[in-house]
Amino acid sequence: MRQAVTTLTVPTRGAGLVEVTAQIRRWVAEQGMETGLLTVLCRHTSASLTIQENADPDVQADLLRFFRRLVAEDPSLYAHTTEGPDDMPAHIRSALTGVSLSIPVMAGEPALGTWQGVYLFEHRARPHRREIALHLIGE
Amino acid sequence: MRQAVTTLTVPTRGAGLVEVTAQIRRWVAEQGMETGLLTVLCRHTSASLTIQENADPDVQADLLRFFRRLVAEDPSLYAHTTEGPDDMPAHIRSALTGVSLSIPVMAGEPALGTWQGVYLFEHRARPHRREIALHLIGE
Amino acid sequence: MRQAVTTLTVPTRGAGLVEVTAQIRRWVAEQGMETGLLTVLCRHTSASLTIQENADPDVQADLLRFFRRLVAEDPSLYAHTTEGPDDMPAHIRSALTGVSLSIPVMAGEPALGTWQGVYLFEHRARPHRREIALHLIGE
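Protein chains in written order, with our numbering: chain A, 1 to 139; chain B, 1 to 139; chain C, 1 to 139.
If you are wondering where the hints come from, they were derived from the structure by calculation, not from laboratory data. Take the hints with a grain of salt, since some may be wrong.
These stretches of chain A come out as covered by chain C in the derived footprint (C-beta under 8 Å, 3 or more residues) [said to hold, decoys possible]:
| # | stretch |
| --- | --- |
| 1 | 8-20 |
| 2 | 32-41 |
| 3 | 89-99 |
| 4 | 122-135 |
Only some residues are given here: those of chain A computed to face chain B with a beta carbon under 7 Å [claimed, not checked]:
| # | residue |
| --- | --- |
| 5 | Val5 |
| 6 | Gln23 |
| 7 | Trp27 |
| 8 | Ala55 |
| 9 | Asp56 |
| 10 | Ala61 |
| 11 | Asp62 |
| 12 | Leu64 |
| 13 | Ser102 |
| 14 | Pro104 |
| 15 | Gly113 |
Residues from chain C that keep clear of chain A, each with C-beta distances beyond 12 Å, as calculated [said to hold, decoys possible]:
| # | residue |
| --- | --- |
| 16 | Ala22 |
| 17 | Gly32 |
| 18 | Gln60 |
| 19 | Ser76 |
| 20 | Leu77 |
| 21 | Asp86 |
| 22 | Ser102 |
| 23 | Ala125 |
The C-beta atom is built at its ideal place from N, Cα and C for all residues, glycine as well.
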């Protein structure tokens with residue numbers, strides 16, 4: 001049994017989803033494990049991770065719009081406003097979608113479904129550089 | 001240290017929760033590990049996984065109703081409508097509840113609380129056959 | 001490769017977030033592993049786990065208020081009401097935030113970001129004693 005770890009940097013262009021499936025698949029393939037467990041952690045509190053449909057880009061736009069409606073950027077609703085009107089909503093959207101994912105590795109690759117992609121979900125209005133930590137254990 | 005993997009197929013009857021705790025417990029027991037880590041992944045983007053109360057079936061009906069109210073099946077809200085009015089809401093409900101679970105195994109079984117059951121949450125209106133991938137590592 | 005498991009008891013003071021980062025870090029440090037995977041499971045269906053900002057306590061108060069607005073404690077909305085008006089909302093809030101977390105361990109400690117803390121999120125109105133199960137695998 002072996003382990004491997006790395007950290008990926010993901011540049012974002014403001015609020016929206018950035019697909020990271022290809023980078024993750026490539027790194028897993030490089031480790032040469034047949035069976036294992038892949039863990040992905042977003043090391044931020046105003047961005048998160050989600051597994052979503054990778055076919056129609058409209059899905060990503062609809063997700064972004066839904067979370068904008070659900071978690072209003074209205075400073076009158078929040079006490080934590082010093083980092084900007086988009087910061088507390090970003091924390092809430094991150095709590096709703098989560099920052100860690102666990103994905104079995106089978107037959108040498110992440111056992112994602114056909115239509116599943118892994119996305120970093122940027123919740124802040126401005127571009128950021130986000131770090132995701134990857135851990136793989138297996139053989 | 002050993003690993004085991006399998007895939008379970010879960011038939012659903014349209015939107016609602018399907019308990020899979022017994023199947024998961026049985027498979028874990030068959031692997032004969034005293035201590036370990038169990039990972040469960042739902043390989044779809046319009047169904048998800050949740051750990052919920054396993055005592056009163058009203059809890060499941062209330063959960064379903066809550067997510068119906070929260071994520072309206074109103075095509076005017078979404079750009080992604082070609083797969084039916086229930087498809088984009090299903091993706092959003094899946095993002096809100098998540099598709100992966102990590103459960104420590106202690107004393108030979110998943111360390112769930114007394115009232116915790118593992119459920120596949122079907123978000124589409126029609127019945128589907130859903131696949132969940134299981135990974136176990138331990139000894 | 002080794003494993004370690006333990007259970008922590010977390011007393012709560014009614015609805016709100018209780019930080020458990022220090023206890024988790026201490027236990028991980030005691031296991032003396034350089035690289036590994038930490039899993040945290042909340043063994044309840046009316047409390048959950050979230051990774052959130054650990055700097056400004058207003059963030060925690062805002063999170064609590066958001067979930068109170070989003071999931072109303074209005075018995076007319078739910079069938080499951082026998083355990084009190086705060087019970088079904090607690091189950092829903094738990095489903096929205098999740099009960100398991102996976103955190104890579106790098107350089108001997110959980111690879112959390114600078115501003116990330118691990119919180120038990122109590123969703124019931126009254127104080128409870130909550131159990132969280134910890135699993136660590138690595139070397």
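Evaluated hints:
1. With 0 residues having a Cβ less than 8 Å from any Cβ of chain C, the stretch 8-20 of chain A misses the three-residue criterion, and the hint is violated.
2. Remark: the stretch 32-41 of chain A is confirmed as covered by chain C, as 3 of its residues place a Cβ nearer than 8 Å to a Cβ of that chain, reaching the required three.
3. Evaluation of the coverage hint for the stretch 89-99 of chain A: fulfilled, as 7 residues show C-beta separations to chain C shorter than 8 Å, against a requirement of three.
4. For the stretch 122-135 of chain A, the stated coverage by chain C is satisfied: 4 residues place a CB nearer than 8 Å to a CB of that chain, which reaches the threshold of 3.
5. For Val5/A, the suggested interface contact is broken, since its CB lies about 16 Å from the closest CB of chain B, more than 7 Å.
6. Interface restraint check: Gln23/A against chain B, minimum CB-CB distance 18 Å, threshold 7 Å, status violated.
7. Restraint check, Trp27/A versus chain B: the minimum CB separation of about 18 Å is more than 7 Å; hint violated.
8. For Ala55/A, the shortest C-beta to C-beta distance to chain B is roughly 9 Å, which exceeds 7 Å, and the interface hint is violated.
9. Of the supplied interface hints, the one on Asp56/A holds, with its beta-carbon coming within about 5 Å of a beta-carbon of chain B, less than 7 Å.
10. A distance limit of 7 Å between C-beta atoms decides the matter here; for Ala61/A the minimum to chain B is near 6 Å, and the interface restraint holds.
11. Here the hint on Asp62/A is kept, as its CB sits about 5 Å from the closest CB of chain B, short of 7 Å.
12. For Leu64/A, the shortest C-beta to C-beta distance to chain B is roughly 11 Å, which exceeds 7 Å, and the interface hint is violated.
13. For Ser102/A, the interface hint holds, since its Cβ comes within 7 Å of a Cβ in chain B; the closest pair sits about 4 Å apart.
14. This hint holds: Pro104/A has a C-beta 4 Å from the nearest C-beta of chain B, less than the 7 Å allowed.
15. Interface hint at Gly113/A: satisfied, since its Cβ lies 3 Å from the closest Cβ of chain B, which is below the 7 Å cut-off.
16. With a minimum CB-CB distance of about 17 Å to chain A, Ala22/C clears the 12 Å threshold, and the non-interface call stands.
17. With 12 Å as the threshold on Cβ separation, the claim that Gly32/C sits away from chain A holds: the shortest Cβ distance comes to roughly 15 Å.
18. With a minimum CB-CB distance of about 9 Å to chain A, Gln60/C fails to clear the 12 Å threshold, and the non-interface call is violated.
19. For Ser76/C, the requirement that its beta carbon stay farther than 12 Å from each beta carbon of chain A is met, with the minimum near 22 Å.
20. With a closest Cβ-Cβ approach of about 17 Å to chain A, Leu77/C is found to remain outside the 12 Å limit, as its non-interface label requires.
21. Every CB of chain A lies more than 12 Å from the CB of Asp86/C, the least distance being 19 Å, so the non-interface label holds.
22. Some Cβ of chain A comes within 12 Å of the Cβ of Ser102/C; the nearest lies about 5 Å off, and the non-interface call is violated.
23. Distance check on Ala125/C: its Cβ is at least 20 Å (rounded) from any Cβ of chain A, clearing the 12 Å threshold; non-interface status holds.
Against the hints set out earlier in the document, violations occur for numbers 1, 5, 6, 7, 8, 12, 18 and 22.
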